[in-house]
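> Residue numbers (this note's numbering), protein chains in the order written: chain E, 1 to 297; chain V, 1 to 315; chain F, 1 to 421.
Honestly, the hints are just simulated from the structure, not real lab data. Treat each hint with caution, since some may be false.
[What the hints assert, rightly or not] Taking lysine to aspartate or glutamate and the DMTMM-like style, the derived pairs with C-alpha atoms no more than 20 Å apart in a straight line are:
1. 29/E to 307/V
2. 282/F to 60/E
3. 282/F to 77/E
4. 282/F to 240/E
5. 61/V to 401/F
6. 315/F to 240/E
7. 91/F to 240/E
8. 56/F to 242/E
9. 175/V to 367/F
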Amino acid sequence: MTTKEAPPITRSAPHKRRLKAPGNRNFSKPARYVMLAALVLFSGFPLYWMLNTALSQDSELYGQAQGWWPHWERLADFGDLIGSVPIFKWLTNSVVIAGGTTLLSLIFAVLAGYALSRFKFHGKGAAGFLLFATQMLPEALLVVPIYALFASLGLLNGMGGLILANVAFTMPVSVWIIKGAIDAIPYEIEEAAAVDGCPRVTILSLVLTPLILPSIAAAAVINFFDGWNEFLLAKTFIAERDLWPASVGLASFIGQYLTSLNSVMAAALLFTLPALIFFLLVQRRIVSGLTAGSVKG
Amino acid sequence: MSLRTSISPPAVAQPPIQDAPSRHHMWQRISPYIYIGPAVVYLIIFMIIPVVQGIQLSFTKTPLVRPDGGTGVGLENYSRLLSSPQFYNSLGATILYTAATVIIAVAIGAGAALLLNQAFKGRTIVRAIITFPWAVPTVATALIFSWIFNRSDGVLNEVVGVLGVGQQGWLVDPKFGMAAVVLTSVWKVMPLVMLVVLASLQSIPSELYEATRMDGAGALETFKAVTWPHIAPTVRVVTLLMTIWSIRRFEIIYLLTGGGPVDTTNTLVVNVYRQAFSNQELGRAAAIGALGLVLSLLVTVVYFMMERRNAAKEA
Amino acid sequence: MIDRRTFLGAAAASMLLAGCGSTPGIDPNRAASAGGTLKFGSWQWLEPGRGEAMWKAIQAYQKVNPSAVLAQSTTPFLSFADKLNTELGGKGGPDVFVVQDVNFYPLADAGILAPLSSVISSHKGTPFNHTNESGLVNGVQYGITWERLNWNFFWNRKILEKASVTPPTNVAELISAAGQIRSATGLDGFGVRHQMTEFDSWFMDFDVWTYGHGGSWSDGSRPTIDSAENIAGVEAFGEIYRSGAMPIGDDASTMRTKFREGRLGMMIDVSSTVAGILRSSKALTSADIGFAERIPLPRPSAHQEIVLAVNGYGKNKNLAVDFVGWVGSDEGQAALRAAMGPSTLATDVPLAPDYAAANPWAKAFIDLASESRSPLIKGYEAQTKAIMREVMTQVERYLVDGGDAAKALATAQTQVTQLLG
Chain E
1 MTTKEAPPIT RSAPHKRRLK APGNRNFSKP ARYVMLAALV LFSGFPLYWM
51 LNTALSQDSE LYGQAQGWWP HWERLADFGD LIGSVPIFKW LTNSVVIAGG
101 TTLLSLIFAV LAGYALSRFK FHGKGAAGFL LFATQMLPEA LLVVPIYALF
151 ASLGLLNGMG GLILANVAFT MPVSVWIIKG AIDAIPYEIE EAAAVDGCPR
201 VTILSLVLTP LILPSIAAAA VINFFDGWNE FLLAKTFIAE RDLWPASVGL
251 ASFIGQYLTS LNSVMAAALL FTLPALIFFL LVQRRIVSGL TAGSVKG
Chain V
1 MSLRTSISPP AVAQPPIQDA PSRHHMWQRI SPYIYIGPAV VYLIIFMIIP
51 VVQGIQLSFT KTPLVRPDGG TGVGLENYSR LLSSPQFYNS LGATILYTAA
101 TVIIAVAIGA GAALLLNQAF KGRTIVRAII TFPWAVPTVA TALIFSWIFN
151 RSDGVLNEVV GVLGVGQQGW LVDPKFGMAA VVLTSVWKVM PLVMLVVLAS
201 LQSIPSELYE ATRMDGAGAL ETFKAVTWPH IAPTVRVVTL LMTIWSIRRF
251 EIIYLLTGGG PVDTTNTLVV NVYRQAFSNQ ELGRAAAIGA LGLVLSLLVT
301 VVYFMMERRN AAKEA
Chain F
1 MIDRRTFLGA AAASMLLAGC GSTPGIDPNR AASAGGTLKF GSWQWLEPGR
51 GEAMWKAIQA YQKVNPSAVL AQSTTPFLSF ADKLNTELGG KGGPDVFVVQ
101 DVNFYPLADA GILAPLSSVI SSHKGTPFNH TNESGLVNGV QYGITWERLN
151 WNFFWNRKIL EKASVTPPTN VAELISAAGQ IRSATGLDGF GVRHQMTEFD
201 SWFMDFDVWT YGHGGSWSDG SRPTIDSAEN IAGVEAFGEI YRSGAMPIGD
251 DASTMRTKFR EGRLGMMIDV SSTVAGILRS SKALTSADIG FAERIPLPRP
301 SAHQEIVLAV NGYGKNKNLA VDFVGWVGSD EGQAALRAAM GPSTLATDVP
351 LAPDYAAANP WAKAFIDLAS ESRSPLIKGY EAQTKAIMRE VMTQVERYLV
401 DGGDAAKALA TAQTQVTQLL G
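All chains should be modelled from the sequences, with the hints used to inform the complete structure.
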């Protein structure tokens, strides 16, 4: 079995090496496919069920008659759902919040990651520990103090304030990823640029940043999803319905009286799709971005 | 992987870039602080100060609607907590939830990464689908799983009904509440583990595999000799991160069970929220939060001690 | 070349400036006639049909005071109380808002709300009814009734006919009726809330059972959780829970939807639920709703009160108070009556005749307001939720694990005493 499968690694072009790495060969082929199928089922079924539920009618859902195959013909009814609530506004808000969080987080991350990687200074260990320690802080504990802080700074009921709060939670992970990526870049490149008289800032922006782009992309995706997903702070800090991000908008469907489950699921799908599409577009980059930092020089 | 070196100082000394002497000397001294400053100041303002306020709160009795109108009660909140069975129930629930979620998620995630490390037809699509849960918003996750777990009309009961098991209240029965919440959490976080481990796997130079294969090693020996040593640091770091995040994870549990049934999923964080917003006792909430922080710190300290021992062993 | 000290100084200064500039320069004592924007916070704006109707109804205030502008502040019901409390804790929040009485009381008690004494003293027209006593805290009127929702017992006539069941008049009949519906039609017989996931609403629902047996949670000076009447109420509920005719695990929203789809026989719920069901149902009409004059329990039941209050931190308090006064006036009440449906309002405005004729069940709900009891616990009003959390935790344990109701309530009594002590 294994001999037939052995790919001719030494003969393949160097840049393809990663993809063809033989990896783990603990399991036979059929067993592997079974496990992969189970994983796909596990990960994919809830999404499929969301679609199925969105396309079912209440009489089917509560009559134990929810079919296994979606009623595709009802896709047109999604239009009713869109008409009654400001869904596109909410999605736009989510994009703004997630995008703003990502941008600000990355700026901090590149600066701080560079500092932690390339400098020696007093308090470096403390700074590193601070970044790590804040990952332990739960939002539930911080909601009220941050709210009071924002109230006094006039940051409430605006997406700006929410972005600022989100960044505090997502930034440390980005710092690590960037730091790891910069660690992996051989120092000689920067030295050469410095000898040419290049100031440090320029080195960072024009030399290093392009080299660590995959890691920046990976950090960007992680940040974006954190911002897209965020619910607790968003529901507390934003009062106006028009400024809600999608997460709060979705929760608003759970009304006090009657919830139409199919509408809720349709909304859930609409809110999931952009994130899914975005993810599909960049998924290749994520793996290479996370890998880039791990090649030890 | 890189994450490991982020936490301990790097082993290789990096000489600072030599700027032109004397005039830029002061700039050179303070430039690290300019780079790291924004991040640090930011975190101090938005995280540290609120936490300090939180800890101060834990020594008071403060109503939710008057956060600055508290009266000091010293250690009363803590002594009350440490002698209440409800607190230990929360602690136990947190530990159980964290252990189960982390172990299962890391096992499945690492296993998935191993499976996906090898090329096969349709690998990109399979990898994409396995990673989907990460992109689904938390609120949507809670909603669909609530429906799947629904006792009378949910699909899970339909399936197990066919298998002969009776209708179960997955979110209602104290026997199953924790399992349901763990399952949902694993579903949500496993992709991130998978991605990180996969990244680490794909950085293993293939010459290493060549070498071991030429030595006649079988699959298991290859794994032990080549694969595991390479990914072990990554797996350890991701386990630590997952642990810390699980201790503080709130939304999934709160939206699925609200801490029930019968307080079986009332983790420390859910308890904090309840004390703060339902009972309107900020002081007690802060005390629980502080104790939860201690738990996280303990976990971190244990991790670092283990890392140091490993580093000494490897040296 | 930025010196570190200058940098930090500039940062601090800009933050201070941000803080200073955030509050608008409105004189808090400005007169109502000067107008301005009022933010009205509620979850009800989201209610399909009724939310829009209510909003439109109160726009009539702008005819009385043309310089006033009303703006919506909407939060979904599940997060409404938490969010409001957080906002008020930060000295912010909407200028005027509605809030359930269990959340209203702590706010009034803490002195956060603006007094409405002027509203009461300058009120003309139909007098305020007794429901407004809920807004009286520590001798001062801090809120007026927005609406009072009473619980009542109602059913789907068609299902009961199909199962040949006569409407039950006590608990034992209720259980057998539910069982019969289940065996005859396969549908769920009876549904009420029964889970801690819905604690914020469940404890008020649950009062129906304990109050219905004559129980109270306190006698004014000490908690009486484990009284015989309360035990009877818990046991009655337990019998229904275990009868198998209730869809265990469903939340209220699901059960209401099932009722609307004609898949649930009987319910105990508030009037707005019935109105909501009828408004959105394709299968049920008003004639299909069978109703009782009262809940099939010996003693009077509970109500849920929604109070209209003014934020003490608001920038335009006089305008807000003026608005509340208008809501209580004949004009405001008439406008609201048309929009609200069958709930009891601040004054006894009768239902529109055609509405009453089309919805015979409505009057029963309204009449129950005369003897219904508040969920607030006497003597411990501000701690009602905290107390009830202990109680309902033990009740849930009893329901799910079995055991002895008396013991469950005794445990609750101990824990509540500890909590209050």
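> Hint numbers the structure violates, sorted upward?
Going through the list in order, the structure violates hints 1, 4, 5, 9 and respects the others.
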